[in-house]
Amino acid sequence: MSRNHVHTYRRPASQAEAWRLIESGDPAVRLLSGGTDLTIACPPEVTTLVDVRHAVGSTIRTGEDGSIDIEAMATLTAVAEHPALRSHVSGVMPDMLRHVGGPLLRNLCTIGGHLARGKLSDVIPVLLALDADVTVYTGGAERLALADYYESDLRAGPHLITTVHLPGLPAGSASFLRFSRTAFDFPIINVCCRVDGIGPEPTDVRVLAGATPLRGTRANRAEAILRGGGLSDQSISEAAAAARDEVPTRSGWVASAEYRSHLIGVLVERCLRRIASRLERG
Amino acid sequence: MKVTLIVNGSPVETDVNAGDTLLDTLRRLGFTSVKDGCANGDCGTCAVLVDGRAVTSCLMFAGQAEDRTITTLEGLGRAGEALHPLQQALLDAGGVQCGYCIPGMILTAADLITHHPNPTRSEIESYLAGNLCRCTGYVKQVEAIERAAEVLQETDHG
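In order, the protein sequence lines correspond to chains A and B. Under the numbering used here, the first residue of the first sequence carries the number 1, and numbering increases by one thereafter. Under the numbering used here, the first residue of the second sequence carries the number 283, and numbering increases by one thereafter.
These are computed hints drawn from the structure, not numbers from a lab. Hints are supplied without guarantee of correctness; some may be wrong.
[As the list claims (entries may be wrong)] Computed Cβ-Cβ distance ranges for the label pairs, DEER-style:
#1 A:Pro248 <-> B:Leu373: 54 to 62 Å
#2 A:Glu280 <-> B:Gln435: 18 to 26 Å
#3 A:Ser14 <-> B:Arg416: 43 to 51 Å
#4 A:Ser58 <-> B:Arg416: 33 to 41 Å
#5 B:Asp318 <-> A:Arg181: 22 to 30 Å
#6 B:Leu373 <-> A:Ala156: 41 to 49 Å
#7 A:Arg61 <-> B:Gly291: 31 to 39 Å
#8 B:Glu432 <-> A:Arg155: 32 to 40 Å
#9 B:Thr351 <-> A:His7: 47 to 55 Å
#10 B:His398 <-> A:Gly66: 40 to 48 Å
[Stated by the list, open to error] Every beta carbon over 12 Å from chain A, so not counted as near; a handful from chain B, in silico:
#11 Asp302
#12 Asp306
#13 Thr314
#14 Val330
#15 Cys340
#16 Met342
#17 Arg350
#18 Glu405
#19 Leu410
#20 Lys422
[What the hints assert, rightly or not] Computed list of chain B residues with no C-beta within reach of chain A, every gap over 10 Å:
#21 Pro293
#22 Ala300
#23 Ala321
#24 Leu341
#25 Gly357
#26 His366
#27 Cys380
#28 Asp393
#29 Leu394
#30 Thr396
#31 Arg403
#32 Gly412
#33 Tyr420
Here the structure is a predicted model, which is why all the values come from computation and not from measurement. Ideal placement from N, C-alpha and C gives every residue a C-beta, glycine not left out.
Sequences are here, hints too, so could you generate the full structure?
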């Protein structure tokens with residue numbers, strides 16, 4: 001008994017073959033990576049699944065410069081358990097992934113599929129805070145910043161995410177916090193902060209809030225305050241207030257826009273204090 | 283279409299519809315320890331091990347399991363034969379009441395103690411986040427998993 005209208009299952013052996021199957025943009029044809037969305041909510045028009053397990057790898061590679069390349073079929077569990085990720089920017093990726101669903105979901109869900117889904121995500125704001133790039137295949141491979149991927153026209157057409165690239169970053173720290181109704185639920189709001197440099201003046205800063213708005217929005221005024229004032233008590237408080245006021249939020253059935261804004265301020269302050277404490281301890 | 287699954291160590295070739303889930307397929311093949319609870323990825327009663335990791339089989343198409351190693355509770359231990367330490371520990375701790383959630387819970391715990399042989403209570407609790415039990419309140423099950431991990435450690439190091 002099928003719970004959908006799928007009648008054809010394809011297993012391309014290469015990215016080029018996968019592309020040939022999807023390039024027409026036929027809505028009846030859908031890429032399949034982890035499958036956690038399609039099994040329970042397969043759109044009625046979808047009749048053909050293109051399983052890319054043999055076309056896209058799942059290996060995680062580290063570079064001598066501290067960079068990490070994650071092939072898109074790597075599961076969230078594989079990412080969370082990889083030793084290089086545990087030490088990359090204070091292990092913020094594994095720390096965040098502990099909060100994504102449960103292990104039964106993380107063992108199936110792939111990082112590429114998750115990024116292609118592109119909503120209600122704890123992963124996206126963290127990857128944006130880490131200045132991640134993605135390689136996207138559309139008959140040829142193109143590498144671009146993850147932030148640009150979400151702004152580009154690519155997402156409107158057929159495409160295949162093949163690799164997530166994390167750059168090697170200077171010594172520093174990052175922190176992630178989320179708020180949801182229950183631990184298992186989608187986030188109402190989440191925040192990731194990254195501070196490069198271990199002295200009183202950061203060499204670079206990222207402050208992002210995600211979930212609502214959908215993927216992750218940089219708080220530019222908050223970042224400017226921290227670049228100028230470092231991680232003093234005053235600049236942390238000012239940056240948190242700036243983030244609260246500048247990141248647009250919207251009301252939904254689980255939280256009002258005002259409440260989400262309040263949460264952004266609270267979570268940014270907590271993330272930054274956690275980072276300051278870590279950097280003080282060395 | 284035909285798929286070949288390696289279930290509990292034996293290859294099984296079977297016809298499936300392209301949109302069938304692994305859950306539907308395993309139950310049709312007679313592996314009824316795999317429960318059809320919510321069919322939505324929420325309850326964990328359909329959990330099986332795929333290549334050694336616990337997954338909700340309702341969230342996986344049968345085609346995705348082609349040529350992969352699947353373990354159901356039938357492959358872990360059977361009544362009348364030597365039970366797996368997790369099964370024995372659950373019996374000893376009184377961790378089984380109606381029993382509906384237990385196959386999924388045991389396989390999730392098997393994944394945990396295989397990859398994290400010395401789990402803390404907190405790690406056990408968070409690993410069971412996707413396995414719902416409406417009878418016991420989890421206390422006895424968490425205690426049983428702690429005990430099974432100890433037994434397996436003693437066996438490995440004995």
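These are the hints, each one checked on the structure:
1. Roughly 55 Å separates the CB atoms of proline 248 of chain A and leucine 373 of chain B, a value that falls within the hinted 54 to 62 Å.
2. In this structure the hint that glutamate 280 of chain A and glutamine 435 of chain B lie 18 to 26 Å apart at CB is violated, the actual value being about 38 Å.
3. A hinted range of 43 to 51 Å holds for the C-beta pair serine 14 of chain A and arginine 416 of chain B, which are about 47 Å apart.
4. As the Cβ distance of serine 58 of chain A to arginine 416 of chain B is approximately 36 Å, the hint placing it in 33 to 41 Å holds.
5. Evaluation of the 22 to 30 Å hint for aspartate 318 of chain B and arginine 181 of chain A yields a pass: the beta carbon distance comes to about 27 Å.
6. Taking the beta carbon of each, leucine 373 of chain B and alanine 156 of chain A are about 56 Å apart, not inside 41 to 49 Å as hinted.
7. The given range of 31 to 39 Å is respected by arginine 61 of chain A and glycine 291 of chain B, whose C-beta atoms sit roughly 32 Å from each other.
8. Between glutamate 432 of chain B and arginine 155 of chain A, the C-beta spacing of about 50 Å breaks the proposed range 32 to 40 Å.
9. Range check, threonine 351 of chain B to histidine 7 of chain A: about 27 Å between beta-carbon atoms, so the 47 to 55 Å window is missed.
10. In this structure, histidine 398 of chain B and glycine 66 of chain A break the distance hint of 40 to 48 Å, their C-beta atoms being roughly 26 Å apart.
11. Annotated as non-interface, aspartate 302 of chain B brings its C-beta within 12 Å of a C-beta of chain A; the closest such distance is 6 Å.
12. At roughly 6 Å, the least C-beta separation between aspartate 306 of chain B and chain A is not larger than 12 Å, which violates its mark as non-interface.
13. With a minimum CB-CB distance of about 16 Å to chain A, threonine 314 of chain B clears the 12 Å threshold, and the non-interface call stands.
14. A beta-carbon of chain A is positioned within 12 Å of the beta-carbon of valine 330 of chain B; the least distance is around 10 Å.
15. Residue-level check failed: cysteine 340 of chain B sits 7 Å from the nearest beta carbon of chain A, not beyond 12 Å.
16. Its closest Cβ contact with chain A, about 6 Å, brings methionine 342 of chain B to no more than 12 Å, contrary to its assignment away from the interface.
17. The Cβ of arginine 350 of chain B does not lie farther than 12 Å from every Cβ of chain A; its closest approach is about 10 Å, which violates its non-interface assignment.
18. The claim that glutamate 405 of chain B is not at the interface with chain A is violated, since a C-beta of that chain comes within 12 Å of its own (minimum 10 Å).
19. Not every C-beta of chain A lies more than 12 Å from that of leucine 410 of chain B, the closest at about 8 Å, which undercuts listing it as non-interface.
20. Separation of lysine 422 of chain B from chain A is adequate, the least Cβ-Cβ distance of about 20 Å exceeding the 12 Å criterion.
21. For proline 293 of chain B, the shortest C-beta to C-beta distance to chain A comes to about 18 Å, beyond the 10 Å cut-off, and the non-interface label holds.
22. The Cβ of alanine 300 of chain B sits about 4 Å from the closest Cβ of chain A, inside the 10 Å cut-off, so the non-interface label is violated.
23. Distance check on alanine 321 of chain B: its Cβ comes as close as 7 Å (rounded) to a Cβ of chain A, failing to clear the 10 Å threshold; non-interface status is violated.
24. In this structure leucine 341 of chain B is not separated from chain A by more than 10 Å, as the shortest Cβ-Cβ distance comes to only about 5 Å.
25. Every Cβ of chain A is farther than 10 Å from the Cβ of glycine 357 of chain B; the closest lies at roughly 18 Å, confirming the non-interface assignment.
26. With a least beta-carbon separation of about 19 Å from chain A, histidine 366 of chain B lies farther than 10 Å from that chain, consistent with its non-interface assignment.
27. For cysteine 380 of chain B, the condition that its CB be more than 10 Å from all CB atoms of chain A holds, with the nearest at approximately 20 Å.
28. Residue-level check failed: aspartate 393 of chain B sits 7 Å from the nearest beta carbon of chain A, not beyond 10 Å.
29. Annotated as non-interface, leucine 394 of chain B brings its C-beta within 10 Å of a C-beta of chain A; the closest such distance is 7 Å.
30. A cut-off of 10 Å between C-beta atoms confirms that threonine 396 of chain B is not in contact with chain A; the least separation is 12 Å.
31. Every CB of chain A is more than 10 Å from the CB of arginine 403 of chain B (nearest about 16 Å), matching its label as outside the interface.
32. With a minimum CB-CB distance of about 3 Å to chain A, glycine 412 of chain B fails to clear the 10 Å threshold, and the non-interface call is violated.
33. With 10 Å as the threshold on Cβ separation, the claim that tyrosine 420 of chain B sits away from chain A holds: the shortest Cβ distance comes to roughly 14 Å.
In summary, the numbered hints that this structure violates are 2, 6, 8, 9, 10, 11, 12, 14, 15, 16, 17, 18, 19, 22, 23, 24, 28, 29 and 32.
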